[in-house]
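Asks: First to last, the sequence lines map onto chains A and B. The letter at position 183 of the first sequence is residue 183 when you use our numbering, and the numbering goes up by one with no holes. The letter at position 377 of the second sequence is residue 1377 when you use our numbering, and the numbering goes up by one with no holes.
Take these hints with a grain of salt, some might be off.
[To be verified] Examples of chain A residues toward chain B, derived with CB under 10 angstroms:
#	residue
1	R65
2	K249
3	V291
Just so you know, these hints were derived from the structure itself, not from any lab. Computed from a predicted structure; not experimentally measured. In this text, a Cβ means the ideal position worked out from N, Cα and C, and glycines have one as well.
Here's the letter readout for the chains.
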Amino acid sequence: MLSHIIKMVWNRKRANLLIVIEIAMIFMVLFGLISSAYSSYRDFSKPLGFEWKNTWAISIGTGGRWKNETDAAPFKALFETLQQQKGIESVSMSSVPIFEYSGWSSESKYNGKEIYYGMNYVNETGPQDWGVKLIAGRWFGEQDNGQNYREVMVNRLFVETMFDEEQDGLKKAIGFDLVDDEEPTAKPMRIVGVFEAFRQQGHFSSDKPYLFFRYRLDKGYGHGSRNIYLKFENEKSVDYEDTLVKLLKSIAPNWEFTIRTWKSMRAGQIAETVVPMKIVGIIVGFLLLMVAMGLFGVLWQNINRRTREIGLRRAIGASAVSIQLQVVSEMVVLAGLAVLFSLFILIQIPLLELIDTVTWNNFWMSFVIAISVVLVMVVLCSLYPSRTAIALSPANALHYE
Amino acid sequence: MFRNYLLTAWKVLLRRKVFTFISLFGIAITLTVLMVASTIIDSYLYPTGPQKNSDNFLSISRLTLKAKNSVNNSNPGFKFLTTNVSRLKSPELISFFTQPQSVATFLSGIKLNNSLRRTDSNYWKILNFEFIEGNYYSKEDVQAGKNVMVISQTTAREFFGPGKVVGKNLVASNQTFSIVGVVKDVSQMEQSAASDMWVPYTTAPSTQYQHEMMSGWEVLLYHSNPQMLVEMKSEYAHLLKNDFVTPDPERYKTAHSGADTPLERLARKFTGSWGDDSNLSGIIYLFIFGGLGFMLLPSVNLINLNISRIMERSSEIGVRKAFGASGSQLVVQFVVENILITAIGGIIGLFLSWFVLYQIGATDFIANADFSLNWRTFLVSTILILILGIISGVYPAYKMSRIHPVIALKGAL
């Protein structure tokens, strides 16, 4: 049966080639949309590593570059004043803003092992306040003061990358000194604790090794820390923002303060990802409809042309169902050829790592989803023409002009 | 002859309405997408608001400073402007102003987010803001660091309701400003003009900005004669190359930037280019290949439909060939027919684009944007219609012209 259909497809190869090209094109467009949507969805569904509810982010504008000599002190004053306010559950900070697409990363070689990771300066209790989950070791503490190491905390992925064997990795990591191969004499970084995850750039960022340095209010840090976070027990009304800015301005009159909630920043990031996808989705939807109707038209026309052939088949005993099946499966075979052709082109993307978002992780899944959409389309648009194929009685069909 | 072609085409269109609908649907959708995209780009390149005289000025919005081991990409800073840009001789006017910053204001329990720019007074001379009330602040106001403000119509209404607002006070980021002028709202598409509030740059709470080579500023270079833009552009390039003044050669050794026309600025944004070259050719290729690429699938779709439709006209083709019509005549006839149906689809597409653009305007997807169809849109649409009509018509027409008259007359292909 299949070989018979393939033979018929082959006999009309010139006309069918264009149909195959058309299906292959819509398939590739679909694949592009599905794989990017799917990879965003996968990122979104991974745990964020911290809680975003009821937290306000204050970002500070100092009117220029951060000068630690003059800026660290007012920052400390702000931080401590906020800690004394009633109704604020916790005050925390980071040097790189959270829920924003800016990052600070490094590619270094420690103890002979190369690792690419993101990092951030956070205050002693910051990670705890954000609900970061500790899985080994301890948080930062006073015992780290004045030691001959720089205390750091890393995420699970960092440990997994650094120490290949997963089981012992966690145990091995605690107390481990990371020595930079390029500066072996510098103070080593000692891992004091390991946390589950912390995706600083939000839901749509990829999960990568991450490291916390400890920010000390009395010492400051050269590149500045312009982000303070306030956590409240319940949702706080915006009225409070006005009071808050006045309070902050009374301590640092020359600084500018922008206050946003993590909730709104998160919603903004989601919208930023979803809205373009929706627009592209609508356009692709219309293209799909266009292709479906086009195929429908072509098929309908072809069926009319083959009325006599179909009449002959029916005259020698083919059932209506088998005729319909023939029409639909010819189309399915064409779609199959198109998918094979697309596979040949698309597989280059993960093979040669052409596009970041298309990896083996989502390639096959997106491929299968795209195939099902195309199959449904092809079957739907060949149903009606296959009905017209059996509308005429064999006697009429045989001398149809 | 053409009249005959068109008449035949019209009859064919009316004969199989389902097919006509399918063709028109594809054409209309394709052209709508392209027309909407081109209208949005058009409104950026040919603004109708304060930047409508964009032929008269260039903007500097991106700067790259390089040293031995470092590359810094950012907006220019005030120090860079005073030590370098201000030495340019060819512009008649130079304006320095900041990128819009977000300011939050609280009005009886409601938080209002507005954007605020700090500017000099030349800003108002270069850009054509339409004042509804009052006027802009003068050079003296800027020099004296007076707390005065120009606000947009909508912002004025949000804060004060209807009525006169000049002379009233407004508190923004803990500073009290006296309002001196109200301007019509500015579309977000006009990148140098768009904002809700404008104040003299000298009112900034800290003077730290005066020492920065890189931080949130922007420049307009103006000349009343559009021909002078080329000279301003090359003078700026020359200045950076041979005469760059730096306060700290260790950190910033060389400067790379360009004075951009609107298209070049768009090119920088789209292609993410910094430094001397705005990558103008990059964006032109992007538009051309993007547009053609998008038309590829609809074209193949139309080609398939057209090929299968030739069938029903085989006897007509046979008769014409038998009476001596040449292949090329038939090709012309079929392409003309195809352009006619594409044009009809294009007209439907224009209505659809108008509707989509109206919806984009109504939802405030791009703040204050007002996209209108103009003669350039029609020109672009005509070109698109011709391209789509020709690429989807030529191959089927060629196939049709090759049919042998005897076979065609029998009606069995």
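Asks: Per the CB criterion, is R65/A less than 10 angstroms away from chain B?
Replies: At 7 angstroms from the nearest chain B Cβ, R65/A passes the 10 angstroms test, so the hint holds.
Asks: Checking hints one by one. Is K249/A an interface residue toward chain B, by the C-beta closer than 10 angstroms rule?
Replies: 5 angstroms, holds
Asks: V291/A was flagged as interface toward chain B. Is the shortest Cβ-Cβ separation under 10 angstroms?
Replies: At 6 angstroms from the nearest chain B Cβ, V291/A passes the 10 angstroms test, so the hint holds.
Violated hints for the displayed structure: none, as all numbered hints are satisfied.
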